[in-house]
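*Asks:* Chains as they are written, first to last, in this note's numbering: chain A, 7 to 282; chain B, 290 to 537.
Think of the hints as simulated: they come from the structure by calculation, not from any bench.
Please note that a few of the clues may not be correct.
[To be verified] Below, computed lysine to aspartate or glutamate pairings styled on DMTMM-like, alpha-carbon distance capped at 25 angstroms:
1) B/Lys329 to A/Glu84
2) B/Lys329 to A/Glu31
3) A/Lys119 to B/Asp338
4) A/Lys274 to B/Asp432
5) A/Lys52 to B/Asp432
6) A/Lys274 to B/Glu347
7) B/Lys371 to A/Glu195
8) A/Lys119 to B/Asp332
9) A/Lys274 to A/Glu219
10) B/Lys298 to A/Glu277
11) B/Lys317 to A/Glu195
12) B/Lys376 to B/Glu347
[Said to hold, decoys possible] Away from chain B, derived, C-beta distances all over 10 angstroms, residues of chain A:
13) His21
14) Leu42
15) Ser81
16) Leu118
17) Ile121
18) Ile123
19) Val148
20) Phe190
21) Asp192
22) Tyr206
23) Ser215
24) Gly279
[As the list claims (entries may be wrong)] Output of the computed footprint for chain A on chain B, the stretches with three or more beta carbons under 8 angstroms from beta carbons of chain A:
25) 411–417
26) 496–510
This structure is a prediction, so every number in the text was calculated from the model and none was measured.
We put the beta carbon where it would ideally sit given N, CA and C, even for glycine.
Chain by chain, the residues run as shown.
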Amino acid sequence: MSDTSRPIIYDSSYHRHPEFTEIKELFRYRFLVAQLARRDILTRYKRSVFGVAWTMINPLGMMLVMTIAFSQLFSSIEGYPVYIFSGLIVWSFFSQTTTAAMVNLVWGGSLLKRIYIPRTSFAISAVITGVINLIISLVPLVIIALITQYQLSLTFLLFPLPVLLIMAFSLGIGLLLSTMAIYFPDVAEMYQIIIMAWMYLTPIFYPESILPEPVYWLVTHLNPMYHILKLFRAIIYEGRLPYWSEIWPATLVSIVTLIIGWVIFSRKSDEFGYRI
Amino acid sequence: MTDHATVIKLENASVRYRVQKERINTLKEYAINWMQGKIKTVDFWALRDVNLDIYRGETLGIIGRNGAGKSTMLKLISRVIKPTTGKVWVKGYVAPLLELGAGFHPELSGRENVYLNGAMLGFDHSQMHNKLESIIEFSGLRDFIDAPMRTYSSGMWARLGFAVATDSKPDILIVDEILSVGDEPFQLKCTERIKAFGAAGTTILIVSHSTALIESMCDRVVWIEHGLTRRIGNPSEVAADYRASSSS
C-alpha cells in the first residue's frame with residue numbers, strides 16, 4: 007500500500023463548491039447514514055413495550071381523538087377518519103423529520119469536534135428514518151379505510167411521488183433549522199411553537215373551505231405544506247390523479263427549499279468545528 | 290522507519306477563532322444586540338503561520354502547554370476545521386483515537402456500536418463485517434458484546450473504542466492524550482499496538498504532556514507555544530528545552 011504517488015486525500019484549499027463536495031462525501035459515507043438511521047429507529051423502540059407498533063399507534067390515537075372531537079362539526083366531509091389520517095401522516099413526517107435533523111446535529115456536535123463526518127449525515131438520516139415511519143403508517147391507513155368502508159383507489163400507489171417532495175422539503179427546512187440551532191439553542195424551542203401554529207394553519211383536521219376569505223387565500227397560496235398536502239390527499243383521499251396546477255407549486259417549493267437549505271448549510275458547516 | 294515522503298503538509302496555516310466578548314446564547318438576544326450594533330468580537334489566533342511537513346512512517350510528538358494550539362493543529366489535520374488562512378493537505382486516511390467511545394450510543398449493544406463507530410471512521414458494511422471478529426477478540430468483551438453499552442464500565446467503553454479505532458492499520462493515526470484511560474494491562478496493550486503500527490509504517494501523531502512517553506516513542510517532536518511552532522527536532526533535546534522553560 008506504500009507508494010510515493012499517493013493521491014492527496016484532503017486538500018483544504020480546494021473548497022470552492024462545498025455543496026458539491028458535501029454530496030460526494032455523503033455518498034462515500036453512505037454506510038454511516040444508514041447506521042445513523044438504524045440507530046434512531048432501534049433506540050426509539052428498544053425500551054418501549056409495544057416496539058415498532060408504536061409508530062402506528064401514535065397517529066392512530068391522534069386520529070381517533072380528532073374524529074371523536076370533530077366529526078360532528080365536519081360531518082360534511084365524507085370519510086373524515088381517512089381525511090385526517092392522510093393529513094396526519096404527511097404532517098408527522100414533516101414535523102418529526104425537521105425536529106430530528108436539528109436535534110441530531112446538536113447532539114452530534116461533540117462528535118464533530120473530534121472526527122470528520124459529512125455534516126449533512128444527520129439530516130439525511132433523519133429523513134430516512136421518517137420515510138420508514140411514513141411507510142409503516144400506510145398500513146393503519148388502509149385498515150382505517152377498510153373499517154370505515156371508505157373506497158381507496160389505485161392512485162394510492164402513486165404515493166412515492168408526493169413522498170419524494172415532502173422528503174425534499176423537510177430536508178431543506180431541517181438543514182436550515184440545524185444551521186441556526188448550532189449557534190442558538192433556543193431555536194429548537196421556538197421551532198416547537200412555530201410548528202404548532204403551522205399545523206393549525208394547514209388544513210389537516212378541517213377542510214380549507216371553512217376558512218374565512220383572507221386566511222383562506224394566505225393558506226392556499228403561501229403555505230408550502232398546503233400544496234404538498236393537497237397532492238397527497240388527491241391521490242389517497244380523493245382517489246384521483248392530481249391536476250397540473252396542484253403539481254407544479256408543490257414541486258417548485260420543495261426543490262427550491264432543498265437547494266437553498268443545502269447550499270446555506272454546506273457553506274456554513276465549515277464553521278461548525280469552530281463554534282461548538 | 291520514514292522515507293521522508295511528506296504525507297501531511299501545513300503551509301502557513303493559521304486558525305482564528307472569533308470569540309464574542311459577551312457570550313450570547315439565544316437567538317433573541319443576538320438579534321437585539323446585532324440591531325443595536327453591539328456585537329463585539331475578539332480575534333484569537335489559535336495557530337499562526339504554521340509550516341510543518343510530516344513524513345510517512347514517522348512518529349511525531351506534539352508538546353506544549355494547555356491552550357498552546359496542539360489540539361487545534363490536530364483538528365486541522367483530521368479535517369474537523371479548515372484553516373482560516375493557509376493550507377493543509379493530507380495524503381492518506383486519518384484515524385483519530387477519539388475520546389474513546391465518543392460515538393457510542395448507550396442503548397445499542399456493543400456489537401451494534403462497533404458497526405456505528407466503524408461507519409464514522411469511514412468503513413463500509415462489508416469491511417466492518419470482516420473486522421468484527423478481530424475487534425471483539427482484541428477488546429476481550431466477547432461475553433458482553435450483545436448487551437447494551439449502558440451496562441458497560443468506563444474501562445469497557447475504552448477497550449471497545451480503542452479496538453474499533455485501531456483494528457485496521459491506519460495510514461495516519463492521531464493519539465490525543467487518551468493513553469491515560471484504562472487499567473495498566475490495557476494501557477500496555479494499547480502502547481504495544483501503537484508501536485506495532487509505527488514499525489509497520491503508519492504515521493503517528495502523539496499529543497501528550499508526558500515528556501517521558503514522548504521521548505520513548507517519537508522520532509521527532511514539535512513544541513507548540515501560543516500558536517507558533519517554537520521548536521522542531523530531536524525528542525530528547527526539545528523535551529529538555531520544554532522542561533527547562535516550564536520550571537523557569
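*Asks:* Does each hint hold? Answer for all of them.
*Replies:* Results of checking the hints against the structure:
Of the pairs offered as hints, the one joining B/Lys329 and A/Glu84 is violated, with about 60 angstroms between alpha carbons and a cut-off of 25 angstroms exceeded. For the given pair, B/Lys329 sits about 35 angstroms from A/Glu31 by alpha-carbon distance, which is inconsistent with the 25 angstroms threshold. Between the alpha carbons of A/Lys119 and B/Asp338 the distance comes to roughly 22 angstroms, so the proposed pair stays at or under 25 angstroms and holds. For the suggested pair A/Lys274 and B/Asp432, the alpha carbons sit about 44 angstroms apart, so the restraint of at most 25 angstroms is broken.
The suggested pairing of A/Lys52 with B/Asp432 holds, with an alpha-carbon distance near 21 angstroms, which does not exceed 25 angstroms. The straight-line distance between the Cα atoms of A/Lys274 and B/Glu347 is roughly 35 angstroms, outside the 25 angstroms bound, and the hint therefore fails. Pair hint B/Lys371 plus A/Glu195 does not hold up; C-alpha atoms about 31 angstroms apart against a cutoff of 25 angstroms. Annotation: proposed proximity of A/Lys119 to B/Asp332 holds, straight-line Cα distance about 20 angstroms (limit 25 angstroms).
A distance of roughly 41 angstroms separates the Cα atoms of A/Lys274 and A/Glu219; the hinted pair therefore is violated under the 25 angstroms criterion. Under the criterion of a C-alpha separation no larger than 25 angstroms, the hint pairing B/Lys298 with A/Glu277 is consistent with the structure, at around 22 angstroms. As the CA atoms of B/Lys317 and A/Glu195 are separated by approximately 12 angstroms, the hinted pair is consistent with the 25 angstroms bound. Between the alpha carbons of B/Lys376 and B/Glu347 the distance comes to roughly 21 angstroms, so the proposed pair stays at or under 25 angstroms and holds.
Interface exclusion of A/His21 from chain B breaks down, the closest Cβ pair being 7 angstroms apart, not more than 10 angstroms. Not every CB of chain B lies more than 10 angstroms from the CB of A/Leu42, the least distance being 8 angstroms, so the non-interface label is violated. Against the 10 angstroms criterion, A/Ser81 stays outside the reach of chain B, whose nearest CB is about 44 angstroms from its own CB. Against the 10 angstroms criterion, A/Leu118 falls within the reach of chain B, whose nearest CB is about 7 angstroms from its own CB.
Residue-level check failed: A/Ile121 sits 5 angstroms from the nearest beta carbon of chain B, not beyond 10 angstroms. For A/Ile123, the condition that its CB be more than 10 angstroms from all CB atoms of chain B is violated, with the nearest at approximately 6 angstroms. Taking the minimum C-beta to C-beta distance to chain B, about 32 angstroms, the non-interface status of A/Val148 holds against the 10 angstroms cut. With a least CB separation of 4 angstroms from chain B, A/Phe190 falls inside the 10 angstroms interface cut-off, contrary to its annotation.
Residue-level check failed: A/Asp192 sits 4 angstroms from the nearest beta carbon of chain B, not beyond 10 angstroms. With a minimum CB-CB distance of about 23 angstroms to chain B, A/Tyr206 clears the 10 angstroms threshold, and the non-interface call stands. Against the 10 angstroms criterion, A/Ser215 stays outside the reach of chain B, whose nearest CB is about 37 angstroms from its own CB. Distance check for A/Gly279 against chain B: the nearest CB is about 4 angstroms away, which does not clear 10 angstroms, and the non-interface claim fails.
Only when three residues or more bring their CB closer than 8 angstroms to a CB of chain A does the claim for the segment 411–417 of chain B stand; here the count is 5, and the claim holds. A stretch counts as covered by a chain when three or more of its residues have a beta carbon under 8 angstroms from one of that chain; for the segment 496–510 of chain B and chain A the count is 0, and the coverage is violated.
Hints 1, 2, 4, 6, 7, 9, 13, 14, 16, 17, 18, 20, 21, 24 and 26, counting from the list given before, are not met by this structure.
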